[in-house]
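Asker: Sequence:
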Amino acid sequence: MKKIHKVKIILFLGIIAVPLIFMNLKEDVVSEIDNRMLVDFDEIFEDSGKVIYNFESFVNDRIGFRKGMVKSYGRAMDILLDEMVHPNYQYGKDGYVYLKLPETNVDLRFQELFSSFIKDFETYCRDRGIDFLYTLEPSKSTIYPEYLPEGYIRSTENLDYFTGLLDEKGVNYLSNVDTLLKAKEEAQVFDPKYDAGHWNETGAIYGISAMIDRLNDLDNRVGSFDINKFEAIPFVNTSLMNSDFPINETTTNYELKEYSLEYIEDYEYEIIRHKDFRYYNHYVNKANPDGTKLLIFAGSYFNNKEKFIAGNFSGIMKIHNYRNVLDYEYYINIYQPDMVLFESTEYTNTGYHYPKKTMENKPLIKNINSYSSLKEDDLVEINQTTFKKSNTNLTTIAIPYEGEDILNAYATINGRILDLQVKRVEDNNYVGFSIINNEIKDIDAFDLYFLSKDEERYEKVELKLMNDE
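Be aware that the sequence shown starts at 93, since it is given in my numbering, and climbs by one per residue.
Treat the hints as calculated values from the structure; they're not laboratory data. Don't take every hint at face value.
[What the hints assert, rightly or not] Across the chosen pairs, the derived CB separations fall in these ranges:
| # | residue 1 | residue 2 | range |
| --- | --- | --- | --- |
| 1 | 548 | 358 | 35 to 45 Å |
| 2 | 185 | 528 | 50 to 60 Å |
| 3 | 520 | 348 | 45 to 55 Å |
[Said to hold, decoys possible] In silico DSS-like cross-links for lysine-lysine, where the CA-CA straight-line distance does not exceed 30 Å:
| # | residue 1 | residue 2 |
| --- | --- | --- |
| 4 | 211 | 545 |
| 5 | 545 | 458 |
| 6 | 467 | 545 |
| 7 | 274 | 367 |
| 8 | 211 | 274 |
| 9 | 515 | 480 |
| 10 | 467 | 349 |
| 11 | 449 | 545 |
| 12 | 515 | 458 |
| 13 | 399 | 481 |
| 14 | 276 | 192 |
| 15 | 349 | 321 |
| 16 | 481 | 385 |
For clarity, every value in this text was computed on a predicted model and none was experimentally measured. No residue lacks a Cβ here, since even glycine has one placed at the ideal position from N, Cα and C.
Let the hints inform the model, and build the full structure from the sequences given.
Answerer: Pasting the structure below:
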């Protein structure tokens, strides 16, 4: 009997030990189950007050056979109890799947700052002859609230307050909340199960065609969306998006019958973007060379949906919105668009994606031509006055300076004016920009104008450019 007990103990300890022996210790691993980065070992000790919590998270994330165990458990709960066990998704009524529904966090201060930022963005564009449209995309729970889990109370306070502020400030905007609430009466605009966080391609067509109509109101060269250019193709999704959770659901995708878009990768690896928000697309439409150029700041609602809008323009450049859009001057300097479309989604309008402090401290850079009586003054000290041109596609220039009385700066290059934000890194001030190399290949100098915070004085500095030998 003692031997049997010993064998049982050894087997029991072995069952416990095996998953620990096969722990996944690789760095920078993305979980296929819940589409997130797993906790790395060095993250355990980042916060001394959370070492135990971080260690538990590390073990839970890295334990051997995690993927199989989580998948099997989730499948069993779905079959036996009709309950979804998943870090990102949950069931609603009639088999509808939603993103995990959070507790309502009413943040009126964020809505005020964000709406003011959008208004300043619009003003910036219009002062430079650039058309502007902001578009608000709805969440699935806003369009299909009737299928939300029993007992869940959905709040519209943030949404209602935000759109009220946009109206009050006179922002040129489109609410695709209204577009899709109307469209759902005749079509399925979010799939019941697949991709609980985004519209399906049918919903995208309704939403993007509404954007195109509004952009055409600003410039009639844009035209309208033409569904006849696309072929509808049924497609079966066998798992939830970014998940192994099995489903069997047919949706409709749309493919261009004739493809006239050319992808331009010249700047993809050089144009500066936030490390966490890297999406980027740049297309030239060979069939519409005389159309308008559109710069888009968009989130994941636009992923693989550029095909629905690019045909109406001579070219589009799409930048992942979120924190990147807070540096909109940088991208406008590079692309020189005729129009700007900024879209965001109801559930991503948060301080994480658009930090409140950054928006609060961001000045509206006025058009340099709006100043008429500035006085020249000594405002800055610059030690580096010569900069190298890149031998790639973009030249990026960062100009450090000493001086605390600077609101912003302007660079004049080839008769063009670039607007430069003041940046502060490790107690050092600098202004900078990126420019396409073809624009500076024949010049060896440019002028920089620093503007004082009281907007009454300026200093002009000549800087040199040299080839990178």
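Asker: Please write out, lowest number first, the hints stated earlier that are contradicted by the structure.
Answerer: Of the numbered hints given earlier, those the structure breaks are 7, 10 and 13, listed in rising order.
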